[in-house]
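Chemist: Sequence:
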Amino acid sequence: MESNYIFLSYGQLLFASVLIAVNIGLSIIIRLGLAKQWIVASLRMTAQLLLVGFLLDWVFALNNPLWILGVALFMTTIASITAVGRTNRRFATIYLNSFVSILGAAFFVMFFALAGILQIDPWYSPQYLFPLLGMVLGNTLNGISLGLDRFMDSLSVRRKEVEMLLSLGATSWEAANGLIRDALRTSMIPTLNSMLVMGIVSLPGMMTGQILAGVSPGEAVRYQIIVVFIIAAAAAIGSTAVVVLAYRALFNSRHQLLLDRLRTIT
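Straight run, no breaks: the sequence shown in this note's numbering ends on number 348.
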């Protein structure tokens with residue numbers, strides 16, 4: 083398939099920004115109170131993406147594994163902080179738990195995909211690492227924030243039920259495993275829903291981008307299927323790890339619930 087990729091100028095980007103006036107106009111007309119937020123979000127998104135573009139151009143040019151892995155670690159750190167920022171309850175080690183969970187999940191699936199499936203040499207090639215890692219981190223942090231929020235909320239709401247089970251001789255795992263399963267189901271639902279309608283209702287962003295860049299639809303589809311499996315695995319691993327770590331932080335070895343470790347963020 084002959085590539086007919088269209089290179090975009092900054093003028094075209096500026097012209098495209100006119101579309102956001104629709105959101106701003108509707109907010110003003112209907113009095114939604116979101117006009118300022120749309121303007122700030124648009125400017126922030128544009129600035130962040132342009133900055134990332136310049137940074138990645140620089141990293142690509144260097145092609146230094148230390149810089150490549152350093153940027154990847156920075157992206158992972160930001161993702162772990164963002165995941166916790168979406169929850170309204172916290173405990174002492176929640177940020178560390180989030181970081182360890184996202185790092186472990188992302189490293190495992192990325193190494194498996196790049197070195198095993200795609201067989202990239204070297205496996206940390208920035209051309210493949212950063213696009214895939216960005217998608218993995220975005221979906222994993224969503225799963226982690228949903229799972230954490232659901233688990234801590236369930237513990238608070240169903241505290242009496244859990245403590246009654248503990249008082250009757252149940253172990254902490256027996257008392258909490260239902261809440262853990264519920265939290266993990268909640269964390270995985272967005273990925274499942276996305277997979278169920280992919281290709282029929284929605285065309286994924288990576289596949290669309292490859293087609294626009296001139297890649298044949300059949301090749302783009304094969305890449306997209308691999309990416310979806312990578313994302314689903316990372317989200318499942320990360321969510322499971324962070325919820326289990328939260329369980330360990332909120333129960334002690336004497337099978338006592340330690341909800342006093344939770345603080346609510348307003």
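FYI, nobody ran anything at the bench for these hints, they're computed from the structure. As the structure is a prediction and not an experimental result, all values here were calculated from the model. Careful, some of the hints might be misleading.
[Claimed, not checked] With a Cα cut of at most 25 Å, we get these calculated SDA-like pairs of lysine to any residue:
hint: 1; residue 1: Lys118; residue 2: Phe194
hint: 2; residue 1: Lys118; residue 2: Gly167
hint: 3; residue 1: Lys118; residue 2: Gly93
hint: 4; residue 1: Lys242; residue 2: Leu340
hint: 5; residue 1: Lys242; residue 2: Thr346
hint: 6; residue 1: Lys242; residue 2: Asn259
[Said to hold, decoys possible] Distance windows between CB atoms, simulated:
hint: 7; residue 1: Met246; residue 2: Val100; range: 33 to 41 Å
hint: 8; residue 1: Leu294; residue 2: Tyr92; range: 15 to 23 Å
hint: 9; residue 1: Leu96; residue 2: Ala174; range: 43 to 51 Å
We put the CB at the ideal spot given by N, CA and C, even for glycine.
Chemist: If a hint holds in the structure, say so; if it does not, say that too.
Modeler: Comparing the hints with the structure gives:
1. Lys118 - Phe194: This hinted pair is violated, its Cα atoms lying about 43 Å apart.
2. Lys118 - Gly167: With a Cα-Cα distance of about 22 Å, the restraint between Lys118 and Gly167 holds, given a limit of 25 Å.
3. Lys118 - Gly93: Status holds; Cα separation ~24 Å.
4. Lys242 - Leu340: 13 Å, holds
5. Lys242 - Thr346: Roughly 19 Å separates the two Cα atoms, so the pair holds.
6. Lys242 - Asn259: Holds - the C-alpha atoms of Asn259 and Lys242 are around 15 Å apart, at most 25 Å.
7. Met246 - Val100: 33 to 41 Å: Cβ of Met246 to Cβ of Val100: about 60 Å, so the range 33 to 41 Å is violated.
8. Leu294 - Tyr92: 15 to 23 Å: 18 Å, holds
9. Leu96 - Ala174: 43 to 51 Å: 47 Å, holds
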